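Novice: Heads up: the sequence lines are chains S and V, in that order.
Quick note, the first sequence lines up with residues 1 to 449 if you use the working numbering.
Quick note, the second sequence lines up with residues 450 to 628 if you use the working numbering.
Derived from the structure by calculation, the hints contain no laboratory data.
Just to be clear, a hint being listed does not mean it is correct.
To be verified - Computed beta-carbon distance windows for the label pairs:
#1 V/584 x S/140: 22 to 30 Å
#2 S/74 x V/588: 50 to 58 Å
#3 V/594 x S/347: 37 to 45 Å
#4 S/140 x V/588: 49 to 57 Å
#5 S/232 x V/594: 40 to 48 Å
#6 S/74 x V/587: 42 to 50 Å
#7 S/411 x V/519: 34 to 42 Å
#8 S/39 x V/594: 45 to 53 Å
#9 S/313 x V/587: 45 to 53 Å
#10 S/325 x V/619: 21 to 29 Å
#11 S/409 x V/471: 35 to 43 Å
None of these values were measured; they are calculated from a predicted model.
Ideal placement from N, C-alpha and C gives every residue a C-beta, glycine not left out.
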Amino acid sequence: MAYEEPIRDYDRIVENCTCAFCGCNCDDLTYLVKNEHVVGVRHACRLGASKIMEDMDQRLLVPLIRNEAGELVETDWDTALDKAAELIANSVRPVFYGWSETSIETMKQGIKLGEYVGAVLDNQATICHGPSLQAVQNSGYPVNTLGEVKNRADMIVYTGSNAMNSHPRHLARYAAFPRGYFRKKGRFDRTIVTMDPRYTDTAKMSDIWVGFNPNGDYEFYTALRAVLRGKKLKEDKVSGIPRETIEELAEAMKTTEYGCLFFGLGLTHSLAKQRNIDAGIRLIQDLNKYSKWNLIPMRGHFNVNGFNIFMSFEMGFPYGVDFSRGYPRYMNGETNTIDLLTREEVDVFMVIAADPGAHFPGGANRHLANIPVIQIDIHWGPSTELADVVLPGSFVGVEVAGTSYRMDGVPIYMKKAIDKPETCRDDEWIVRELYERVQKIKGEKIASK
Amino acid sequence: MTYVDKPAVPNVVKYDEPMAIKRDKLKVILNTGSDIYQGACKKRGSTLKDEYRHVSGTAYMDPRDMARLDVKNWDTALVKTDWGEVVVFTAHSRDAPHEGQIFICKGPWANVVVSPDTYCCCDPTYKGVDATIEKTDEEPLLMADLMAKVYMKYDKDAEKSINHLTDKRINVGITKPEE
């Protein structure tokens, strides 16, 4: 890549900011600010930097409502909020989806609203690490923090995850390269193993690549567990991996001092879904007979873990919580966004800090074309093309402060660096305002009866 | 420099593959997921731009498969599954070799062809979907055009025939009362 001049043209520096991109929540970023816009970011990866130095061309600045002709037209906050509140108040089966790119403070208001109208509250875990949470309920959660990994781990396993592409600083800041208290030589003290059917960028820089067959995860982990328990494999190859390699790998995993397994969407999106992770967790439990092993799911958004932790704490269930009966209920395959959409049950869909247009399968999105969609977001994205009411929010971690949870469950307070555009509002304010307006509409309805 | 016109991909090398007969259509396994170009473009918010079409609407293929299909980098191909069909670019995969598999980054293009079946595990099947790929002359659509053409939400007199989704639905019984 061509040489780039360092950025010297800025007004002020804001230090120790937290990145609002992936589950790593790197909290050592420095923003270079000019005219209340971040023009440069130090220490961030390409993903974090590009998100923080956002594209102002596509920033949503004013509330929009879809008119009769099907075009989004600008409107004022009162009209847009009233319209959204009316849609929510008159709905029978509303779904509030998203929450992973906003703060815990906003979720608090969201729970109030959801409980009041009997909605389903769901977050991005439903299309990424939902099966992991089910597996955790099945098999347990032998988790550690990233600090322990940095200081102690001498074997790192990435499975079904391409950290170099989706969590670029994960290797540099927590797992592979940093010099820890017991790992003075950094990368040279650690063995990196990647288990992935694709020869990914992470596989290219690791010491061992285990390229099992697509959808062969479960088979491979079961074979590995069998070897760990002293069984002899009868087959020459399991899931495309020779028997000797599996035995060698099992031996290496047994003799390490401290290991950590990071698993990603390769496991949750292939056919065995939560059973893959079940097998992974049980593998860790077996390995703990010989050595110290832990695992961490590679969470995608900076606060996707936050919603799960917050929801579990408040309501007892991590995601897909249904309030339609007046009490929280959770049933996989029934109260999850994708299932509700493919069954065409939903009648109002509110998406907050998420993008179903870009991430839901077409079979689920086709129902969004039949129902009103309310969007709270900062950028004009694929979901805006399907939205009827658009409420411009603000950027948590840059324009507003808020709490988020890292992938290992460590809460981090993200500070405010710049002022938000004048016409935008805090996500927290928007959801609270919706709650108050819905209360008013429902109250009037009861009074008129 | 965070903007890219197109992701950097290796050039297709001519393979000596006596068995590689030219085909019009290949049966492949479709995987979707994210990569760094797609992530950076999506999260920056540049989804209406041409860059997003290149980073997200591209099928990364094994060079041998590309030779069989007679496509080069940034040619276009039609991907079909049980769930729909979509026109995407083709490019040499950085993760090659993976014969018989194609990788499309997540985004509106991949969504048209992945399976919404969750098997009651809340997660749709984004990886390992059976698909076919064939060469085409059509251009992949920009994001806004694609959303309009596939979902037809605000298109009152749209012809159903141009919808890129198939009529296939998951069998969940009768959800609407018959009138």
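Novice: Each hint: holds or not?
Specialist: Okay, the hints, checked on the actual structure:
1. V/584 x S/140: 22 to 30 Å: 50 Å, violated
2. S/74 x V/588: 50 to 58 Å: 32 Å, violated
3. V/594 x S/347: 37 to 45 Å: 28 Å, violated
4. S/140 x V/588: 49 to 57 Å: 51 Å, holds
5. S/232 x V/594: 40 to 48 Å: Because 58 Å falls outside the window, the suggested range is violated.
6. S/74 x V/587: 42 to 50 Å: 35 Å, violated
7. S/411 x V/519: 34 to 42 Å: 54 Å, violated
8. S/39 x V/594: 45 to 53 Å: Given about 32 Å between the Cβ atoms, the range is violated.
9. S/313 x V/587: 45 to 53 Å: 51 Å Cβ-Cβ, so the 45 to 53 Å window holds.
10. S/325 x V/619: 21 to 29 Å: 25 Å Cβ-Cβ, so the 21 to 29 Å window holds.
11. S/409 x V/471: 35 to 43 Å: 54 Å, violated
Figure legend: structure checked against the earlier numbered hints; hints not met, in rising order: 1, 2, 3, 5, 6, 7, 8 and 11.
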